[in-house]
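Trainee: As a plain string of letters, each chain reads:
2 protein chains.
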Amino acid sequence: MTKGFTIWFTGLSGAGKTTVSHLVAKELQARGYEVEVLDGDVVRENLSKGLGFSKADRDTNIRRIGFVCELLTRHNVVAIAAAISPYRAIRDENRARVGGRFVEIYAKCPIDVLAERDVKGLYKKALRGEVKNFTGIDDPYEPPLNPEVIIESDKETPEQSAAKVIAKLERLGFVARPI
Amino acid sequence: MTKGFTIWFTGLSGAGKTTVSHLVAKELQARGYEVEVLDGDVVRENLSKGLGFSKADRDTNIRRIGFVCELLTRHNVVAIAAAISPYRAIRDENRARVGGRFVEIYAKCPIDVLAERDVKGLYKKALRGEVKNFTGIDDPYEPPLNPEVIIESDKETPEQSAAKVIAKLERLGFVARPI
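Going line by line, the protein sequences match chains W and H. Throughout the first sequence, residue numbering follows my numbering, covering 3 to 181 in sequence. Throughout the second sequence, residue numbering follows my numbering, covering 3 to 181 in sequence.
No lab work stands behind these hints, which were simulated from the structure alone. Among the hints, erroneous ones may be present.
[Claimed, not checked] Derived DSS-like pairs: lysine-lysine, alpha-carbon spacing no greater than 27 Å straight-line: (1) H:127 x H:110; (2) H:134 x H:57; (3) W:51 x W:157; (4) W:134 x H:157; (5) W:28 x H:134; (6) H:110 x H:166; (7) H:126 x H:28; (8) H:51 x W:51; (9) W:170 x W:157; (10) W:28 x W:126; (11) W:57 x W:134; (12) W:110 x W:122; (13) W:126 x W:157; (14) H:166 x W:51; (15) W:5 x H:110; (16) W:5 x H:166; (17) W:127 x W:57; (18) H:134 x H:28; (19) W:134 x W:122; (20) H:166 x H:51; (21) W:5 x W:170; (22) H:127 x H:157; (23) W:51 x H:127; (24) H:51 x W:57.
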């Protein structure tokens, strides 16, 4: 039986997926787990160059991340994906693919907060129409129906969000409670 | 320090890469290693659908396999790639990428033997021009200059080839000799 599992962060751009995923990774590494963070941008560079942001291309990208998560999970690694992954069906496909060893984290944040925050300046561009197919503006986002954890960067610190994720992993038995 | 490393099989279609890679995988699994075989066809399906057989597309495909090998190698897994991987520079790029924990196996076989054997019927099609960009017929293959092992399916059985690979892995210190 593998010790590996997949933690899948989904949510709009700027909602805290990458930040919290790295905090979770750090904590799990400190507890002796093998951890790999598959960040959406890194994966686009290494596995999906040439793909765009149509539904078909997004689906292909997310399936590729799922394929790699499956490989890592099978070999005792904790794979942490942090990608917008807007479509529910493809996330669920990946959940099935890794044989249920899959924990979905919904990084939930109201879009007006994200547009106000706008760390990368992308929301402004999208609202001005300079960036097309921007999730939440002119491209759909389907929130998870039953995510294992909801984190909310407008209400909690990244550390609090990470602690919620770790606590859930302990309750689910994916991670041992420290003695 | 990771226990992982990458075994990279290169060579023409039908030269024995897949067959020998699975024998090597089986032996290493029996010795307790975590092993993943990344077969060229499986990877094309899961990571490279849509890519063709131009030099650029082949390079992209081989780099993607290299990316996954790097991830697995870093996390204590033995990654075994079996892909034609015709271009020396990209194989060497992958060697560098996995930080030297890379063993190149050249599946060497004269093309007339392969065309005669022609298990999948592909050589006949390529020679008739029905398949284009076929490595060794109308597309180049650059053999490794210093492969760690050369296996020759026209002179040895798959079992003998696999034994050569395992013996080399032991000599290089990647795999412990059984007591």
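Trainee: Run the distance test for residue 51 of chain H versus residue 51 of chain W: straight-line Cα separation, threshold 27 Å.
Mentor: The given pair, whose Cα atoms are some 12 Å apart, holds under the 27 Å limit.
Trainee: Between residue 57 of chain W and residue 134 of chain W, does the CA-CA distance stay at or below 27 Å?
Mentor: holds (13 Å)
Trainee: Compare the distance between the alpha carbons of residue 28 of chain W and residue 126 of chain W with 27 Å, and conclude whether the hinted pair is satisfied.
Mentor: violated (32 Å)
Trainee: For the pair we were handed, residue 170 of chain W and residue 157 of chain W, check the Cα-Cα distance against 27 Å.
Mentor: Judged against 27 Å, a Cα distance of about 18 Å means the pair holds.
Trainee: Taken at face value, is the distance from the CA of residue 157 of chain W to the CA of residue 51 of chain W at most 27 Å?
Mentor: violated (35 Å)
Trainee: When you check the alpha-carbon spacing of residue 126 of chain H and residue 28 of chain H, does it fall within 27 Å?
Mentor: violated (32 Å)
Trainee: Holds or violated: residue 134 of chain H and residue 28 of chain H, Cα atoms, limit 27 Å.
Mentor: Violated. Residue 134 of chain H to residue 28 of chain H sits at ~34 Å, over the 27 Å cutoff.
Trainee: Is it true that the CA of residue 134 of chain W sits at most 27 Å from the CA of residue 157 of chain H?
Mentor: Given that 27 Å is the threshold and the Cα spacing comes to 58 Å, the pair is violated.
Trainee: For a C-alpha distance cap of 27 Å, please report whether residue 127 of chain W and residue 57 of chain W respect it.
Mentor: holds (20 Å)
Trainee: What's the verdict on residue 127 of chain H and residue 110 of chain H, does the C-alpha distance respect the 27 Å limit or exceed it?
Mentor: holds (21 Å)
Trainee: Check the hint pairing residue 134 of chain W with residue 122 of chain W against an upper bound of 27 Å on the C-alpha distance.
Mentor: holds (15 Å)
Trainee: Between residue 5 of chain W and residue 110 of chain H, is the straight-line Cα distance small enough, at 27 Å or below?
Mentor: Not satisfied, since the Cα-Cα distance of roughly 39 Å exceeds 27 Å.
Checked against the numbered hints given earlier, the structure breaks hints 3, 4, 5, 7, 10, 14, 15, 16, 18, 20, 23 and satisfies all the rest.
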